[in-house]
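Peer 1: Here is how the chains run, residue by residue.
Number of protein chains: 2
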Amino acid sequence: MRLARLIGPELEALLQESPGELAELLDEIHPEDIADLVGEFDDAHASDLLKALPTEYAAQVFERLDTDRQEALTASLGFDSTARIAAQMEPDERVDFLSIMPPAVVAPLLESLEKVDPEAAEEVEELARWPERSAGGLMTTEFISVGPELRISDAIDELRHRAREAEALDIVYVVDTARKLKGGLTLRNLLLADPSERVIDVMLANVISVPPEMGQEEVARVLGKYDLHTMPVVSTTGELLGVITSDDILDVMNEEQAEDVHKMGAVEPIREGYFDASFAEYIRKRAPWLAFLFVSGFFTTTAMRKYDHVLASVAQLSFYVPLLISAGGNSGSQSSTLVIRGLAVGDISTRDWWRVLLRELAQGLVLGVWLALFGVLRVLIAGDPMKMAGLVAITLVSNVIMGCVVGAMMPLLLRRIGVDPATSSTPFIATLVDVVGIVIYLGLADLLLLGEAHVLAKP
Amino acid sequence: MRLARLIGPELEALLQESPGELAELLDEIHPEDIADLVGEFDDAHASDLLKALPTEYAAQVFERLDTDRQEALTASLGFDSTARIAAQMEPDERVDFLSIMPPAVVAPLLESLEKVDPEAAEEVEELARWPERSAGGLMTTEFISVGPELRISDAIDELRHRAREAEALDIVYVVDTARKLKGGLTLRNLLLADPSERVIDVMLANVISVPPEMGQEEVARVLGKYDLHTMPVVSTTGELLGVITSDDILDVMNEEQAEDVHKMGAVEPIREGYFDASFAEYIRKRAPWLAFLFVSGFFTTTAMRKYDHVLASVAQLSFYVPLLISAGGNSGSQSSTLVIRGLAVGDISTRDWWRVLLRELAQGLVLGVWLALFGVLRVLIAGDPMKMAGLVAITLVSNVIMGCVVGAMMPLLLRRIGVDPATSSTPFIATLVDVVGIVIYLGLADLLLLGEAHVLAKP
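In the order they appear, the protein sequences are chains A and E. The first sequence: position 160 = 160 (the working numbering), numbered continuously. The second sequence: position 236 = 236 (the working numbering), numbered continuously.
Hints may be right or wrong, so weigh each one.
Pairs involving identical chains hold if they fit within one copy or between any two copies, as the list cannot separate such chains.
[As the list claims (entries may be wrong)] Straight-line distance between alpha carbons at most 30 Å, and here's what the computed DSSO-like set of lysine-lysine pairs gives:
{"#": "1", "residue 1": "K225", "residue 2": "K51"}
{"#": "2", "residue 1": "K225", "residue 2": "K285"}
{"#": "3", "residue 1": "K225", "residue 2": "K180"}
Quick caveat, the hints were computed from the structure, so don't treat them as lab data.
Next up, chain A with everything else stripped away, as it sits in the complex (with noise of 0.2 Å):
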């Protein structure tokens, strides 16, 4: 944002002035400092600028947009200029950019793209068959592949030849004839081997690899336990794909973690900034939620009034609902925050469920003996009678091993079903938690002291 505020006058009179100076400054501006800068633009503006820069790094700064910004300025660049644009884009974030935008868009761009770069459009067609958070759906196919008989100053020269236009520089693949995956050959590899070596005597036979069906977040995992910067994308019959660079593996966690937060709580996950997101956006993403969890909390309304009899016969139980509750519903949230996290990051499968269930059952009870004391000392310092003590430290055992069973078994049982285990955010288990820590206390409450009022009289 600076360095736009910064630059921007500058570059405006340069593009007024002389546009050709400008491509000579560009080697030394990050294309995302000139998005930063675009940002800042009307569309009118940011169209004369794309259009006065080289195509190639206008594709680098139009990649890095916020896809509004990229549909408005379809528009104002118009379908040719802007599938000159996009042929010059890495093929991922083509087709990124082309399955955000509407389908009045998509087919004229498309038509246009085929006219210019034939190629690309292929590319676009290849790519767009895997979903979008996939390893097909992130993987580029503009990588460097040579074949196993090749010598290695061979394998040098073909790299020296794709350099300018492949992503993926640091890992050069090594695929048969038939396009099947054999190894990888890094240039760590190539820089220390004899020229005169064959690649197949030099490469890695055993390559770590990913199908295309696998979910991103279980790509960002693989990459990220074996230390990797690239990863090849191999189908069942063992051809070479595509390859993930460690770029987008970055925008993906960032993602994923955005959402997963988001959902813990309890917002349906919102993917722009939060200045960016608009008001409607906002309660759009809020109001479901907390309607849902709102007239799921009618159970404790339910739940207290059936125990009406209970409540008015000792005045003194109402006061330590919410406290007795929220024992409950804290601890529950622990619970389902730490096996939500150990399910993302692959620590917990659902298989486990039994494993889990006796940890947190033994976690439980020693919380809950712990909270207990402080329950007691509580009841005591407010004057109220010993019975009431003993119900208190009974109800905040059983609703706190309640919450951990409950808050640990939840996200299990949502990935079982096959639903994202951060569904069952904080407020949701609370919820939950507070229906049946309520029955739990008052039913206790009436078990203990029923027909003993007289006992609780108020000192």
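Given the coordinates of chain A, assemble chain E onto it according to the supplied hints.
Peer 2: Coordinates of chain E only, in the frame set by chain A:
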């Protein structure tokens, strides 16, 4: 894990019969998989295996083990063998390893390292100056740099000579004789340039860099923004100190994400995997927060008791307490989630507090009215009188607005006073909002209904 089980017995057999053959196999096995395997061996077996591996490979396995395991193996390998392995680790990993060992181990280990590889010991000293979670703590000192006046062909030779030792290979940095960073050369630049050109005429002069003091979360943000694979770390005087690679950034992002998620669920961050952390560890990380939240919740009891006369005169009032306060807590959770995330990704800064406040006030109003519709319906269906419906509606609007404001402002306040905003966990916000919510509800009831108890007599 699966691979480990598969090849475990075979590896053991090979280890006993012909350890020499092992080395030949290793080209095809990723050190991560051997680390998984070592995780299932006992210490004696594991150290035999590490000793049988080529030292460079053993180092790659060793740096992937859990810290507890590293400590145990240091004991069974002895200081000299461990030092030989440590000397072959990446410098940043070596420092991390030493930084988590107990002081009684570090001193003799450093002494052995000094003997085995004085340069490696010096690197430790240099890197250990920086906090673990800063750019300085993440960087490696094994990178390749060349002088600006070198010819491209000589730069390629230099690359070839140093390729074996350097971690960060996809960019070569250009430094002057004072080690000041002048620019960078990607391998693409090197491959495409005329071998007789000079480095200074080909390099990119405007390289994005970070200072060593920058926090790791911010480093991850910069690297992600500019889609970089490596990032130079430069002192205030412009000297190139080291290089951060994207695999370390993936680890950082996982670590920071885990921390934020745990904190937001009111658990002190746990670094171990779900099944790796001990029972005592879980209790230690959960019990203090539960107790803090529970004791804070005492105020709910105090507030309820204060409005004893109101609760006693209208029996139905207590039935709605859990429902009405949870509406405030849920909207507060949503707001705090949105703001914590916005702060984490840099969308919001504390200076924006009033813009956040205005947005949340407006959203709170709309969401409150939305929930009030359901609330009024609930009261009427239950057969409670119209006045009760009015009270529920006003309470809901007030509580939801209050929840949004508290939830949004608390993370900003924490950031302002230097505390991690994620500390304002969902349960923490809920507890805060519970207390205020009860006071609003019963205070309004006192104001609107008191002395009119007859109107509310049960139907």
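Peer 1: Does each hint hold? Answer for all of them.
Peer 2: Hints, one by one, checked against the model:
no., hint, result
1, K225 x K51, "between (42 Å within a copy, 24 Å between copies)"
2, K225 x K285, "between (34 Å within a copy, 26 Å between copies)"
3, K225 x K180, "within (25 Å within a copy, 34 Å between copies)"
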